[in-house]
Amino acid sequence: MNDGSTAKCQACEQSRRRFFSRLSIYLGSLAAAIVAIPSIGFLLGLRRPTKVWRLVGHVQDFEIGSTTQVSFEDPSPLPWSGVTAQTAAWLRRIGENEFIAFSVDCTHLGCPVRWLSGANLFMCPCHGGVFYADGSVASGPPPRPLFQYPVRIETDEVQIFTSPLPIA
Amino acid sequence: MWKRAWEWFDDLTGTSKWLLPVLRHPVPHAKKSAWFYVLGSATLFVFILQIVTGISLASSYVPASGEAYHSLLFISGTELGRIVRGIHYFGASAMIILIGVHAVRVYLMGSYKYPRQVNWLTGVGLLVLTLLMAFTGQLLRWDQTGFWTAVVAAEQAGKTPFIGNWLGHFILAGDTAGGATLSRFFAAHVFFIPALIFGLLGFHLYLVIHNGISEPPKVGRPVDPKTYRRWYGDLLTREGRPFWPDAAWRDVVFGFLVVVTIVVLAVVVGPAPLGKPPDPTIIGASPRPDWYFLWYYALLTVVPRWSENYLIILGPLIFGLLLIFLPFVASKGERSPLRRPWSFVIVATIIVFIAYYGHLGHLAPWSPRLEAAPLPSTVVEATTGPVAEGARIFYDKGCEYCHTVAGYGGIRGPDLTYVGDRLNADQIKTRIFSGATNMPSYNGNITDQQLASLLAFLESRQRRPIEERARP
Numbered sequence: 029m030n031d032g033s034t035a036k037c038q039a040c041e042q043s044r045r046r047f048f049s050r051l052s053i054y055l056g057s058l059a060a061a062i063v064a065i066p067s068i069g070f071l072l073g074l075r076r077p078t079k080v081w082r083l084v085g086h087v088q089d090f091e092i093g094s095t096t097q098v099s100f101e102d103p104s105p106l107p108w109s110g111v112t113a114q115t116a117a118w119l120r121r122i123g124e125n126e127f128i129a130f131s132v133d134c135t136h137l138g139c140p141v142r143w144l145s146g147a148n149l150f151m152c153p154c155h156g157g158v159f160y161a162d163g164s165v166a167s168g169p170p171p172r173p174l175f176q177y178p179v180r181i182e183t184d185e186v187q188i189f190t191s192p193l194p195i196a
Numbered sequence: 039m040w041k042r043a044w045e046w047f048d049d050l051t052g053t054s055k056w057l058l059p060v061l062r063h064p065v066p067h068a069k070k071s072a073w074f075y076v077l078g079s080a081t082l083f084v085f086i087l088q089i090v091t092g093i094s095l096a097s098s099y100v101p102a103s104g105e106a107y108h109s110l111l112f113i114s115g116t117e118l119g120r121i122v123r124g125i126h127y128f129g130a131s132a133m134i135i136l137i138g139v140h141a142v143r144v145y146l147m148g149s150y151k152y153p154r155q156v157n158w159l160t161g162v163g164l165l166v167l168t169l170l171m172a173f174t175g176q177l178l179r180w181d182q183t184g185f186w187t188a189v190v191a192a193e194q195a196g197k198t199p200f201i202g203n204w205l206g207h208f209i210l211a212g213d214t215a216g217g218a219t220l221s222r223f224f225a226a227h228v229f230f231i232p233a234l235i236f237g238l239l240g241f242h243l244y245l246v247i248h249n250g251i252s253e254p255p256k257v258g259r260p261v262d263p264k265t266y267r268r269w270y271g272d273l274l275t276r277e278g279r280p281f282w283p284d285a286a287w288r289d290v291v292f293g294f295l296v297v298v299t300i301v302v303l304a305v306v307v308g309p310a311p312l313g314k315p316p317d318p319t320i321i322g323a324s325p326r327p328d329w330y331f332l333w334y335y336a337l338l339t340v341v342p343r344w345s346e347n348y349l350i351i352l353g354p355l356i357f358g359l360l361l362i363f364l365p366f367v368a369s370k371g372e373r374s375p376l377r378r379p380w381s382f383v384i385v386a387t388i389i390v391f392i393a394y395y396g397h398l399g400h401l402a403p404w405s406p407r408l409e410a411a412p413l414p415s416t417v418v419e420a421t422t423g424p425v426a427e428g429a430r431i432f433y434d435k436g437c438e439y440c441h442t443v444a445g446y447g448g449i450r451g452p453d454l455t456y457v458g459d460r461l462n463a464d465q466i467k468t469r470i471f472s473g474a475t476n477m478p479s480y481n482g483n484i485t486d487q488q489l490a491s492l493l494a495f496l497e498s499r500q501r502r503p504i505e506e507r508a509r510p
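Protein chains in written order, with my numbering: chain A, 29 to 196; chain B, 39 to 510.
In case anyone wonders, no lab produced these hints; they're calculated from the structure.
There's no promise every hint is true.
As the list claims (entries may be wrong) - Okay, the calculated bits of chain A under chain B, using three or more residues with CB under 8 Å as the criterion:
hint	region
1	102-108
2	113-122
3	144-150
4	162-170
Said to hold, decoys possible - Restraint-style ranges between C-beta atoms, simulated for each label pair:
hint	chain 1	residue 1	chain 2	residue 2	range
5	A	L51	B	V301	50 to 56 Å
6	B	T485	A	P171	28 to 34 Å
7	A	S67	B	E117	38 to 44 Å
8	A	L51	B	R267	37 to 43 Å
9	B	G445	A	S67	55 to 61 Å
10	A	W81	B	G115	40 to 46 Å
11	A	T78	B	S345	35 to 41 Å
12	A	S67	B	A72	46 to 52 Å
13	B	I356	A	L51	43 to 49 Å
Glycine included, every Cβ here is placed at the ideal spot set by N, Cα and C.
With the sequences and hints as input, model every part of the structure.
And the structure:
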């Protein structure tokens, strides 16, 4: 180390400082980035569960023309999900082998609609949205018909194809 | 001995070098306005109270979607746990009220003007964060309403243009509200938002010391950025008082009263009751926000339908931007509210607006009363025959959920107590068949027999006693 030459070369000293400032800022940013990227990535990463068919009952359990509440488990429930792993749906049998499954979520803001069997209507408790038995909007704020899950019949099992919460 | 220990500590840490000037920093002599200056500190005291009770609650709360409800039942079941939950619950309301009144005080007194614009901006940030705390905290009360609040929050966020769907599922932490949802809100409520609050609050308090607390405004004494700092310095030299204890005692007295009020409410009234478990298969849920968001919930319901999707995002955004622009567009000039009469109008409008829509949200006339019971025979005035049969159909077909008869039923649609005086059978029939914006059409959904009975019942809804009426 030659102290004399450093003292003489003020420009060298300045460029040294600039180098160390930049080095510190870049290294600090790099350290922050390699911690932040996986942390934020994990936070943002949505679970993308495989969609699956879930059994909700047997054909003979449902009367033709009736609308019944059924429930099924989420496609990939977490061990600590407890009751929240369940999803409810309204299952309507319209023919011998024909079913429609409605999401319970009102298309307005997602509140759970209730089936009023006497009135043949779905009614939402939040803002009074009403849907006909076929899921179409009868009145109130909902912008579109009730969301439908795909349904299939395997031998005599009624199965619903799980889907994400419908968000407009 | 204590004195020597303190001297040793102070020598090594220099505590008295910064603490004493902070405690003793001169504040203007506020005279009659002195009690207006206690609101910010009271908000801070309640925030500390929220931290203490929050830590206490978090020690027993299980932030798992399947278990949180049981842990809440456990906490509420113990004598002290119930009180701590109550303090946290009323503390949340107190924070909202105090931070709101504090902001109003600062606005009315023009304290946001030069050189305290950044004080105001950090305060706006703290207001937003406090509202986020209120929202996430309400959701951590993970009962049926808490669960559906998460769903509704996701659906509302879903109205954001372009990124709505992504944002909605980000809030739920998955495809549906489930296991991961609650953990996300817990982390936000307990770590993320408080960390931001600590940072912003520290900055806010630093600025209070750096710029000095604003002096009470006086008519005809406008703020001039060129001379203000020197003038303010002279004012402090002339008549400044040490913050501790000359001004601080009022903060302590008011803060004490606030804290005692919260604790008394917690003991006497107790925390918000827990609803049914957060089981998505229990359909009978009627989620409602806590009082501080009720007005917004109501507002979204009553605005024209086409505007709802815009308002849901743009409303808070525009209000936030107005708060941010305020200290830039009005950074100098008169501070006294007497010379800024519009400030009173604006504050009064906001208060009336929130109170009115809050009240409306409480009544929720748009919500069908799904818990309504069939009309009693004293109202129907018949136990057999078409009128009695019609009353039963009135209930079965869901009419009563939205229409009142003699004080029973919902208030969504017109009161039908005396509908027989207003409309004849044909007119009623037309309405039943055609429906309306907020009423479903029953065309094809009612048999001729049922309709005849229903009409008989509705026609009998008249002011005249039943025996005076002409029999059909």
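**Status of the given 35 to 41 Å range, CB of B:S345 versus CB of A:T78** = Between A:T78 and B:S345, where Cβ atoms are some 39 Å apart, the hint holds.
**Request:** Can you let me know if the beta-carbon spacing of B:I356 and A:L51 is within 43 to 49 Å?
**Result:** This hint holds: roughly 45 Å between Cβ atoms.
**Prompt:** According to a criterion of three or more residues whose C-beta lies within less than 8 Å of a C-beta of chain B, is the region 102-108 of chain A covered?
**Reply:** holds (count 6)
**Request:** Tell me if chain B covers the region 162-170 of chain A under the three-residue, 8 Å CB rule, please?
**Result:** Check passed, 4 qualifying residues.
**Asked** For the pair A:S67 and B:A72, does the Cβ-Cβ distance stay inside 46 to 52 Å?
**Response** 47 Å, holds
**Request:** Could you see if the CB distance from A:L51 to B:V301 stays within 50 to 56 Å?
**Result:** 55 Å, holds
**Message:** Verify the CB-CB distance for A:L51 and B:R267 against the hinted window 37 to 43 Å.
**Reply:** About 39 Å separates the Cβ atoms of A:L51 and B:R267, which means 37 to 43 Å holds.
**Message:** I want to verify a distance hint. Is the separation of the beta carbons of B:G445 and A:S67 within 55 to 61 Å?
**Reply:** Once the Cβ atoms are compared, 58 Å apart, the range 55 to 61 Å for A:S67 and B:G445 holds.
**Request:** Return holds or violated for the Cβ distance of B:T485 and A:P171 against the range 28 to 34 Å.
**Result:** Holds, at about 31 Å.
**Request:** Mind taking a look at whether chain B covers the region 144-150 of chain A? Criterion is 3 or more residues with CB to CB distance under 8 Å.
**Result:** holds (count 5)
**Asked** So the hint says 38 to 44 Å: do the beta-carbon atoms of A:S67 and B:E117 match that?
**Response** This hint holds: roughly 40 Å between Cβ atoms.
**Message:** Taking beta carbons only, do three or more residues of the region 113-122 of chain A come closer than 8 Å to chain B?
**Reply:** holds (count 4)
Of the numbered hints given earlier, the model fails none.
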